[in-house]
Structures are given as structure tokens and as C-alpha cells.
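Asker: Next come the chains, spelled out residue by residue.
Number of protein chains: 2
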Amino acid sequence: MSDPLESSAAATGTPPSARTKVRRHPERAAYDRAAVVAIVDAALLCHVAFVLDGVPHCIPTACWREGDHLYIHSVRASRLVAALTGGTACVTVSLVDGLVLARSALRHSMNYRSVVLYGTFEDVTDPAAKAASMATFLDHVVPGRAALVRPPDAKELAGTALLRVSLAEASAKVRSGPPKDLLGDLAWPVWAGVVPLALESGAPLPEPGCAALPLPPVPARYA
Amino acid sequence: MSDPLESSAAATGTPPSARTKVRRHPERAAYDRAAVVAIVDAALLCHVAFVLDGVPHCIPTACWREGDHLYIHSVRASRLVAALTGGTACVTVSLVDGLVLARSALRHSMNYRSVVLYGTFEDVTDPAAKAASMATFLDHVVPGRAALVRPPDAKELAGTALLRVSLAEASAKVRSGPPKDLLGDLAWPVWAGVVPLALESGAPLPEPGCAALPLPPVPARYA
Ligand SMILES: Cc1cc2nc3c(=O)[nH]c(=O)nc-3n(C[C@H](O)[C@H](O)[C@H](O)COP(=O)(O)OP(=O)(O)OC[C@H]3O[C@@H](n4cnc5c(N)ncnc54)[C@H](O)[C@@H]3O)c2cc1C
Ligand SMILES: Cc1cc2nc3c(=O)[nH]c(=O)nc-3n(C[C@H](O)[C@H](O)[C@H](O)COP(=O)(O)OP(=O)(O)OC[C@H]3O[C@@H](n4cnc5c(N)ncnc54)[C@H](O)[C@@H]3O)c2cc1C
Ligand code: HEM
Ligand code: HEM
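So the protein sequences, as listed, match chains L and V.
Here full-length UniProt numbering is used: the first sequence runs in plain steps of one and ends on residue 223.
Here full-length UniProt numbering is used: the second sequence runs in plain steps of one and ends on residue 223.
Hint data in this document are derived by calculation from the structure and do not stem from the laboratory.
Warning: the hint list may mix true and false statements.
Which copy is meant is left open, so a pair is good if it fits within one copy or across any two.
[What the hints assert, rightly or not] Keeping only pairs whose Cα atoms sit at most 20 Å apart, straight-line, the calculated EDC-like set for lysine to aspartate or glutamate is: (1) Lys155 / Asp126; (2) Lys180 / Asp53; (3) Lys21 / Asp123; (4) Lys130 / Asp68; (5) Lys21 / Glu207; (6) Lys21 / Asp126; (7) Lys155 / Glu66; (8) Lys21 / Asp53; (9) Lys180 / Glu156; (10) Lys21 / Asp153; (11) Lys130 / Asp97; (12) Lys180 / Glu207; (13) Lys180 / Asp126; (14) Lys180 / Asp153; (15) Lys155 / Asp123; (16) Lys21 / Asp97; (17) Lys155 / Asp185; (18) Lys130 / Glu207; (19) Lys130 / Glu200.
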């Protein structure tokens with residue numbers, strides 16, 4: 001009786017470095033640019049890990065992509081900015097797509113898309129480049145928003161740090177589809193299947209004076 | 001004209017250690033157990049950061065809480081298990097609650113609840129304790145599910161690693177509420193307010209033969 005967990009599918013592409021090679025479930029890996037970009041573009045959030053005095057730190061921050069870089073922003077005078085421009089970071093993007101409910105406990109899982117990348121962040125300091133990237137960021141979150149809001153002035157831009165890291169050393173890992181129960185468990189009398197999950201937007205809560213203005217075209221879901 | 005970003009609110013509780021003291025927006029911090037537990041209990045996912053040969057790694061995994069510990073599981077023979085029991089980890093739980101859309105670009109933000117903790121994972125090896133914790137995990141994801149599924153056998157349990165880390169050295173950080181535009185920006189003619197976001201469940205996709213079985217009582221949202 002063959003075990004459906006033992007997949008014969010192969011990864012897409014080849015790892016860009018030894019440390020990006022997916023070892024657990026290698027058949028779920030993809031290393032091509034298109035796979036990495038699709039996951040980063042769907043995300044609002046990443047987790048950035050860095051090392052200070054030998055201790056790991058893992059900080060959530062908003063992110064977006066331009067070309068071959070993942071961007072984040074923070075306040076200029078912060079630990080995050082100092083740490084990320086001074087050493088290797090690991091950046092992880094994780095999208096949860098569903099609960100995978102199997103007949104057997106062990107075969108429960110989640111459907112997901114994730115990217116893990118390694119690199120050193122670069123500090124983007126040119127004011128025009130910063131203004132353009134912050135506009136791209138705003139439009140990534142809400143399409144068309146950059147043109148409508150009060151743009152950052154020179155002082156606000158100067159206080160903002162814009163950091164970017166290359167997507168060159170990245171891996172993607174994706175689980176999709178139904179649970180994979182053992183043949184001997186298929187008759188177990190419990191509901192099995194997938195329950196989709198997604199980050200969905202709800203009814204907007206306007207500020208006083210905004211109820212009559214056009215609503216922002218926020219996507220129904222970020223996924 | 002006072003700047004509403006300069007809040008005079010204070011953190012709840014005191015940091016359990018120097019490295020857990022929130023420095024950016026300290027008024028958003030909470031260090032009491034109740035605040036930390038509420039955020040961990042609402043989460044399906046955490047990001048675990050660890051250091052190997054000086055390089056940070058950030059790996060997403062499912063998580064749950066029992067008492068004063070956060071638990072994760074993996075396959076026994078994995079890098080993750082070896083790394084986490086051999087050094088300090090940083091574990092981060094991040095829940096995205098909404099987009100904060102301000103009149104000015106700079107005042108855009110997100111509403112969120114997050115926990116960052118430091119500690120060394122402990123390997124829970126007692127088979128009875130492991131079986132009980134995996135049942136708690138199943139019930140965290142879908143209430144009542146542990147009693148319905150085919151339970152793990154001894155070999156399956158032995159191949160599973162159950163790791164836990166204390167919640168003692170944790171901080172919580174929460175942003176909630178509307179955008180905080182400068183008074184001079186309040187008349188800018190663009191919609192401002194909050195667009196709620198939440199991880200919502202969709203219509204279940206049953207496996208063949210499961211359509212007539214009782215649906216799992218998956219929460220409408222994990223939040
Ligand atoms: C939403 C979600 C929930 C998950 N829940 C669990 C869980 O509960 N238990 C569990 O064991 N695993 C879980 N995983 C998978 C987990 O992220 C790791 O892939 C797995 O634990 C193996 O980790 P490792 O460090 O031992 O991997 P290895 O395969 O040894 O890692 C080697 C390299 O592969 C790459 N890589 C590893 N994981 C990923 C990834 N997720 N995405 C992209 N590249 C990657 C990195 O470059 C890494 O350095 C989950 C993943 C996601 C996205
Ligand atoms: C969904 C989400 C999106 C975010 N987006 C951004 C963004 O785009 N830009 C940005 O600058 N910041 C963002 N933040 C805040 C970010 O997580 C950090 O709090 C902030 O960047 C300061 O980081 P630091 O390392 O400089 O903090 P410091 O305040 O110097 O960190 C000191 C200690 O405080 C604790 N701590 C720090 N951050 C958190 C946290 N989030 N939760 C719990 N404890 C914490 C940790 O113990 C840390 O070691 C976001 C947070 C969340 C949850
Ligand atoms: C008794 C219950 C469970 C046991 C014994 C168990 C065991 C395991 C083991 C051994 C692995 C590692 C697989 C590998 O990398 O080769 C694993 C991975 C995983 N488990 Fe579980 N698990 C249980 C329940 C759950 C539940 C309830 C969920 C979530 C709904 C879950 C989600 C996952 C995910 C997402 C992975 C990662 C798979 C991947 O690498 O792509 N598990 N589990
Ligand atoms: C031109 C546009 C923007 C500029 C110049 C800007 C600038 C900044 C700066 C300087 C900080 C650090 C604040 C501090 O820690 O004191 C910050 C934090 C943050 N920004 Fe932005 N930002 C912009 C747009 C956005 C957008 C579009 C979003 C997301 C919708 C966003 C989300 C956040 C979040 C979540 C934080 C963290 C706040 C906290 O620490 O609690 N920003 N931003």
C-alpha cells in the first residue's frame with residue numbers, strides 16, 4: 001500500500017544557494033523567480049529575522065516588491081534599521097490558504113504559500129527614489145491611493161527609512177490540495193477535506209467627515 | 001498644535017527583561033500575562049527565528065498554547081527541532097486587524113496585535129504528554145476534533161517532535177483605532193478611516209464520501 005505522503009513530484013527550479021535548499025518536503029519547493037514574486041506580491045506582511053549579540057530577533061513589518069527587491073520601511077532612528085543594514089537577515093512571507101482536515105490526526109496540515117529569503121538590506125536614501133517607492137507601497141496596499149493622499153514632505157521622508165533586500169537568494173514552498181490520508185484510514189467516519197482561509201476585508205469604518213467621500217478600492221481579500 | 005502621534009498612554013505591566021522592552025511606540029506595549037495569552041490563543045501561526053553558524057533563520061509553523069507555554073510540532077528528524085532545542089529562539093505571533101488609511105501618506109498604518117518572546121525550546125518526549133498535547137492542538141484548530149479523528153499510533157507519535165517554550169519572556173504590542181492625522185491634514189479631500197482585515201474561513205471542500213458527514217465547527221474567523 002503506497003503512502004500518499006511520499007510524493008514523487010519534483011521542485012521547480014534549482015536552489016540559488018546551499019542554505020536555501022528545502023529539505024523537508026522538497027517536492028513543495030520552487031526556486032524560480034515567478035513563484036517567489038507571486039507570493040511576495042500577494043502579501044502585506046513579512047517577518048524579518050536578524051541577529052544581535054548572538055540573539056535572534058523576529059520582527060513583523062509591512063512589505064512590498066519592486067523589481068527584484070523586497071522593500072520595508074521604518075523610522076530612521078530605530079534598532080531595526082541599524083540591525084538590518086549591518087548583517088544578514090532572513091525574511092519570511094507566509095500566506096495561510098486553508099486548514100487541511102484529515103481522517104487521521106497526523107495527516108492534518110495547512111495549505112500555504114511561503115517564501116524564505118536571505119540577504120543584507122540596503123538603505124535607500126535618495127529622496128526621489130524614496131518618494132516613488134512609498135507611493136508604490138501605498139498603491140500596493142490600496143490601488144490608486146498614492147495620488148489621492150497628502151504626500152510626504154521632505155522632513156517626513158527624511159525621518160522614514162526605506163530598506164530593500166534582493167530576491168536573489170529565495171525559496172518558495174507551497175502546499176495545496178486535499179488531505180492525504182492513508183488508504184487504511186479512508187473509511188474512518190469523520191468529515192475530511194479543506195476549509196479555505198483568507199485575509200478578508202470588512203466594512204470600512206470612516207473617520208468623521210469622510211462618509212460621503214469615495215470609498216477606497218480595498219481588495220476583498222489579500223491572498 | 002499637538003501631534004496626536006505623541007501619545008501619553010503608558011504600557012501595561014513591566015518588561016520581564018531588558019531585551020523585551022518595546023522602544024518604538026512604547027505606549028502600545030503590554031507585558032502582563034493576560035495580554036500575551038489572548039494574542040497567542042487567537043493565532044494559528046507563529047514565526048520562529050533561530051541562529052545557525054551566525055545566520056538567522058525564520059520559519060513559519062502552526063502554534064498553540066497550554067498553560068504558560070507556546071507549543072509547536074514538527075518531524076523529529078528535522079533541522080528545526082535540532083536548532084530550537086540547542087539555542088535561544090525568538091517567536092513572533094502577528095495578527096493583522098486592519099488597514100489604517102490616513103489623509104497623509106505618513107500616517108498610514110495597520111491595526112495589529114503581536115507578541116514577541118525569547119526562550120529556548122524544550123523537547124517534550126513523554127508519549128502520554130505528547131498525545132494529550134496533540135489533542136489540544138487539534139481542538140485549538142477545530143473545537144472537538146481530537147475526539148473524532150483516528151488518533152496517532154505509537155510510531156506516528158514517536159516520529160513527531162513536540163516542542164514548547166515558556167511565555168515568561170514576552171512582550172505584546174497592539175495598535176488599534178482610527179488614523180491619527182495632523183490637524184492641518186484633516187480637511188484633505190480623501191477617504192480616511194479603518195478597513196478591518198481578518199483571517200476568515202470559506203465554504204468547506206469535502207473529500208469524496210464526506211459530504212453527508214457533520215461539518216467541522218471551524219470558527220468563522222481566526223482573530
Ligand atoms: C502556514 C505554515 C504553517 C506551517 N506549519 C508547520 C508545522 O506546524 N510544523 C512543521 O514542521 N512545519 C510547518 N510548516 C513548514 C515549515 O515552514 C518548514 O518548511 C518545515 O518545518 C521545515 O523546516 P526546517 O527548518 O527543518 O526546513 P529545511 O527544509 O531544513 O529548511 C532548509 C531551507 O529551506 C527553505 N525553507 C524551509 N521552509 C520553508 C518555507 N516554509 N518556505 C520557503 N522556504 C522554506 C529555507 O531556505 C531553509 O533555510 C508550515 C509552513 C507554513 C507556511
Ligand atoms: C502587522 C504588523 C505590521 C507592522 N508594520 C511595520 C512597518 O511597516 N514598519 C515598522 O517600522 N514597524 C512595523 N510594525 C511594528 C514592528 O513590529 C516593530 O514593533 C517596530 O518596527 C520596531 O522594531 P524595533 O526592532 O526597532 O523595535 P524595538 O522597540 O527596539 O524592539 C525592542 C523589543 O520590543 C519588543 N517588540 C518589538 N516589536 C514588537 C512587536 N511588534 N510585538 C511585540 N513585541 C515587540 C521585542 O521584545 C523587541 O526585542 C508592524 C507590526 C505588526 C504586528
Ligand atoms: C496528532 C496530530 C498531529 C501530528 C502527530 C502531526 C505530525 C506532524 C509531523 C510529523 C510533521 C512533519 C512532516 C514532515 O515535515 O515530514 C507535521 C507537519 C505539519 N503539520 Fe502536523 N501533526 C498533527 C496535527 C496537525 C494539525 C492539527 C495541523 C494543522 C491544522 C498540522 C499542520 C502541519 C503542517 C502545516 C505541517 C508542515 C507540512 C509541510 O512541511 O509542508 N498538523 N505534522
Ligand atoms: C509615504 C508613506 C509612508 C511613510 C512616509 C511612512 C513612514 C513610517 C514611519 C517613519 C514609521 C515609524 C514610526 C515609528 O516607529 O515611530 C512607520 C511605521 C509604520 N508604518 Fe508607515 N509610512 C508610510 C506608509 C505606510 C503605509 C501605506 C502603511 C500600511 C498600510 C504603513 C504602515 C506602518 C506601520 C504598521 C508602522 C508601525 C507602527 C508601529 O510601530 O506601531 N505605513 N511608517
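Asker: At most 20 Å between CA atoms: does that hold for lysine 21 and aspartate 153 within a copy, between copies, both, or neither?
Answerer: Neither, since 44 Å and 31 Å both go past 20 Å.
Asker: Using 20 Å as the alpha carbon limit, work out where lysine 155 and aspartate 126 are close: within a copy, between copies, both or neither.
Answerer: For lysine 155 and aspartate 126, the Cα distance is within 20 Å only inside one copy (13 Å; across copies 59 Å).
Asker: Pop the pair lysine 155 and aspartate 185 into one bin, within, between, both or neither, using alpha-carbon distances up to 20 Å.
Answerer: between (64 Å within a copy, 16 Å between copies)
Asker: Pop the pair lysine 21 and aspartate 53 into one bin, within, between, both or neither, using alpha-carbon distances up to 20 Å.
Answerer: Close across copies (16 Å), not inside one copy (27 Å); limit 20 Å.
Asker: State whether the alpha carbon distance between lysine 21 and aspartate 97 is at most 20 Å within one copy, between copies, both, or neither.
Answerer: This pair counts as neither: shortest intra-copy Cα distance 23 Å, inter-copy 33 Å.
Asker: Between the shortest in-copy and the shortest cross-copy C-alpha distance, which are at most 20 Å for lysine 21 and glutamate 207: within, between, both, or neither?
Answerer: For lysine 21 and glutamate 207, the Cα distance exceeds 20 Å both inside one copy (48 Å) and across copies (32 Å).
Asker: I want to check one pair: lysine 180 and aspartate 153. Are their C-alpha atoms no more than 20 Å apart within a copy, between two copies, both, or neither?
Answerer: between (55 Å within a copy, 17 Å between copies)
Asker: Pop the pair lysine 180 and aspartate 126 into one bin, within, between, both or neither, using alpha-carbon distances up to 20 Å.
Answerer: neither (51 Å within a copy, 27 Å between copies)
Asker: Between lysine 180 and glutamate 156, at a C-alpha cutoff of 20 Å, which is it: within one copy, between copies, both, or neither?
Answerer: between (52 Å within a copy, 15 Å between copies)
Asker: Is it within, between, both or neither when you check lysine 130 against aspartate 97 at 20 Å Cα-Cα?
Answerer: Neither: 33 Å inside a copy, 27 Å across copies.
Asker: As a check of your reading, is lysine 130 near aspartate 68 (CA-CA no more than 20 Å) within one copy, between copies, both or neither?
Answerer: within (16 Å within a copy, 44 Å between copies)
Asker: Using 20 Å as the alpha carbon limit, work out where lysine 21 and aspartate 126 are close: within a copy, between copies, both or neither.
Answerer: neither (35 Å within a copy, 32 Å between copies)
In summary, the numbered hints that this structure violates are 2, 3, 5, 6, 7, 10, 11, 13, 16, 18 and 19.
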